[in-house]
Amino acid sequence: MTTLQPPPLPDPVRPLIGFVRYIRQHGFTVAPEQITSFLTAIRLLGPDHPDQIRLAGHATLAPPAESRHRFDELYRGFFFGEANPPTEPRVKSNIDPATRPGGEDLEPLQVSRANKSGQVASGASMSSLRHFSPHIDDAALRQLVGTVVRRLPTRHRLRFTAAAEGERLDFRSAMRDMVRYDGDFQRLKYASRPEVPRPVVLVIDISGSMKAHTEIHLRFAHAITHSSVPVSTYLIGSKLTPLTPIMKRKDLQTALDEASAYTDDWDGGTRIGSALDQLLAVPCQANQLRGALVFVLSDGLERGDHRQMVAACRRITRLAHRFAWLTPLALDPEFSPRTAALQAILPLLDLVGASGDPDALAHALSQFDGRRSRSPGRRRQSIDTTDRQLEVRP
Amino acid sequence: MFASPETLSARLASANYLANEGLSTAIFLALGMGKPLLLEGPPGVGKTEVALALANGLERNLVRLQCYEGIDAGHALYEWNYANQLLAIRQSSDRKIDLYSDDYLIERPLLRALRAADDTVLLIDEVDRADHEFEALLLEFLADYAISIPERGTVRASTPPVVILTSNRTRQLHEALRRRCLYHWIDYPEPDMEERIVMMRAGDVAAATAKAVVAAVNGLRRLHLTKAPGIAEGVEWAQAATLLESGTGQWPDAFRRSIGAVIKDEEDLRFLMTPLAGETSADPLDSVLVQACSR
Numbered sequence: 011m012t013t014l015q016p017p018p019l020p021d022p023v024r025p026l027i028g029f030v031r032y033i034r035q036h037g038f039t040v041a042p043e044q045i046t047s048f049l050t051a052i053r054l055l056g057p058d059h060p061d062q063i064r065l066a067g068h069a070t071l072a073p074p075a076e077s078r079h080r081f082d083e084l085y086r087g088f089f090f091g092e093a094n095p096p097t098e099p100r101v102k103s104n105i106d107p108a109t110r111p112g113g114e115d116l117e118p119l120q121v122s123r124a125n126k127s128g129q130v131a132s133g134a135s136m137s138s139l140r141h142f143s144p145h146i147d148d149a150a151l152r153q154l155v156g157t158v159v160r161r162l163p164t165r166h167r168l169r170f171t172a173a174a175e176g177e178r179l180d181f182r183s184a185m186r187d188m189v190r191y192d193g194d195f196q197r198l199k200y201a202s203r204p205e206v207p208r209p210v211v212l213v214i215d216i217s218g219s220m221k222a223h224t225e226i227h228l229r230f231a232h233a234i235t236h237s238s239v240p241v242s243t244y245l246i247g248s249k250l251t252p253l254t255p256i257m258k259r260k261d262l263q264t265a266l267d268e269a270s271a272y273t274d275d276w277d278g279g280t281r282i283g284s285a286l287d288q289l290l291a292v293p294c295q296a297n298q299l300r301g302a303l304v305f306v307l308s309d310g311l312e313r314g315d316h317r318q319m320v321a322a323c324r325r326i327t328r329l330a331h332r333f334a335w336l337t338p339l340a341l342d343p344e345f346s347p348r349t350a351a352l353q354a355i356l357p358l359l360d361l362v363g364a365s366g367d368p369d370a371l372a373h374a375l376s377q378f379d380g381r382r383s384r385s386p387g388r389r390r391q392s393i394d395t396t397d398r399q400l401e402v403r404p
Numbered sequence: 084m085f086a087s088p089e090t091l092s093a094r095l096a097s098a099n100y101l102a103n104e105g106l107s108t109a110i111f112l113a114l115g116m117g118k119p120l121l122l123e124g125p126p127g128v129g130k131t132e133v134a135l136a137l138a139n140g141l142e143r144n145l146v147r148l149q150c151y152e153g154i155d156a157g158h159a160l161y162e163w164n165y166a167n168q169l170l171a172i173r174q175s176s177d178r179k180i181d182l183y184s185d186d187y188l189i190e191r192p193l194l195r196a197l198r199a200a201d202d203t204v205l206l207i208d209e210v211d212r213a214d215h216e217f218e219a220l221l222l223e224f225l226a227d228y229a230i231s232i233p234e235r236g237t238v239r240a241s242t243p244p245v246v247i248l249t250s251n252r253t254r255q256l257h258e259a260l261r262r263r264c265l266y267h268w269i270d271y272p273e274p275d276m277e278e279r280i281v282m283m284r285a286g287d288v289a290a291a292t293a294k295a296v297v298a299a300v301n302g303l304r305r306l307h308l309t310k311a312p313g314i315a316e317g318v319e320w321a322q323a324a325t326l327l328e329s330g331t332g333q334w335p336d337a338f339r340r341s342i343g344a345v346i347k348d349e350e351d352l353r354f355l356m357t358p359l360a361g362e363t364s365a366d367p368l369d370s371v372l373v374q375a376c377s378r
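In order, the protein sequences belong to chains A and B. Residues 11 to 404 (our numbering) make up the first sequence, in order. Residues 84 to 378 (our numbering) make up the second sequence, in order.
Derived by calculation from the structure, the hints in this document are not laboratory data. Computed from a predicted model, the values in this text were never measured in an experiment. Where is the CB? At the ideal position from N, CA and C, for every residue including glycine. All the pointers check out, no bait thrown in.
Covered by chain A, per the in silico footprint, the following chain B stretches (three or more residues, Cβ under 8 Å):
hint : segment
1    : 98-109
2    : 253-259
Below, computed lysine-lysine pairings styled on DSS-like, alpha-carbon distance capped at 27 Å:
hint : chain 1 : residue 1 : chain 2 : residue 2
3    : B       : K294      : B       : K347
4    : A       : K221      : A       : K260
5    : B       : K310      : A       : K249
6    : B       : K310      : B       : K294
7    : A       : K221      : A       : K249
8    : A       : K199      : B       : K179
Bound conformation, chain A alone (with noise of 0.2 Å):
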């Protein structure tokens, strides 16, 4: 039996092949009829200028707008041999950080030195690693999160579909039963607009103050990410991490160990105001917000100015369906918001609730409850501790 080998590549396509290969290497996807059409535009194009090449690449390699100056750096690191472009970080999946060389070490030594009280977060940022308990069996959580979720307060969707009553009269159904029936008519059809659950957003605080709640966040961030609601989850320390994708893994160790090994702010301190900024200032992210509740985890612990959490949470309050602080502190039945920062943003939340349990959260979800407010109304405003409510006057 022979092996069909590929026919060689021309010679001066070679190098644009290799270029190709050089920015994947770098974390670039690149998908092959994108190559054709990077060719057939360097063909059109001629071309008479290097750096025709380059805007070649840009219209048919599309990097993304965040990573075109460093595609231009790889393209100048390849093709002028300048100097090296700096590498970014690659997610690296499956990896225990315990398994790393020196590993062990690591998480010992910085845990000590993180910062317990949360308030004191400077200028200057500190990697940690984090490790989770491993075999922890969640059903129960996933069965406590899917009883609450179906409750949760549904949108319509704006695409008209067949139903058997509806808003309005389905013409195109009816025209082919009366074509069926050979011109006769036989019975009205509908339409309506379906609905569906309104998105839920999680931001989770994983600095050194809330290390204790850390792992029961994310173990309900899994279950509510594997229910019926679409979510989206990020963390927050000194610095904004979507977690969304990790999230969706089907196994939640494979999804805590993931996410360990895809941040490193972990039980460090906060920029809570700086952190939200960041969500807000993607477009894509920023657009999860709109109409979806919202639920930030996190002891609110912003100590200096607040004014950016501030405004970053007023922004938050008109994108959002509902917007939730939950905090464990909120555990304890005394508890009040007595930060500036949090009294400073009282009156933009629908919710403070508790959290760091997961009762205490299940119970918080179920605040929203879709069959008690089925239309966005005026916002109630409650603080909502594990066994009292209180009315907030806004």
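Based on these hints, arrange chain B on the given structure of chain A.
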């Protein structure tokens, strides 16, 4: 269609659109390769204007499909005129009628562009506002430039039409859609380019005014406002300030009074008008205007 990106750029300039080298190259390639062009960028940088200028430059009709959440095949491709069909059935008695003739077909933008591919530029505007299902429908359309009408068969374009898609990146588009298109990110232009755009678009605006407006608009963009001003806002600001100034020489005041032409967010306005800490009366807007007008 065009010999080079430079000739294309000159044609766009004759249609009142100034394109930089990257954009003219991307459009040139899209026309040459018969592929759709996806333009992304912040709001107000002139993405939609590219299609308008291209239609003018090529002397073609512009067919525009404005996307929104919930848009479906009936709004984008075609729809049957069901009311007329029902009436025709009732009135036909034993006469044979063709219910699926052109008499009952309502052409929507994609079908209209396909049937007159040589004579149209198709603009699919703000595709990020549509939902994922519509994106899947576009994939099929953009791959073959064909639409299947079950009752009639497949309608295929005689030549690949000129298709421009725009997106404000309010959500991430599917990779498959990006792969089918050529891509260009339109950013805010360099100051000298923006001055030329303001001069071209605003009409009776002095060069010094255009320079000051562009400097001020760039100053505002650096302040990380909720809604950064786009090019169109800059043009309107130049026009509004020129109207208010009317020979008095009070430029900073004219710019300040016409701020509504460029800032359209209450929170941003409040931020710009709040006196700076440690200052008696100056606010961020003052600082921006003083710097811009002193150039």
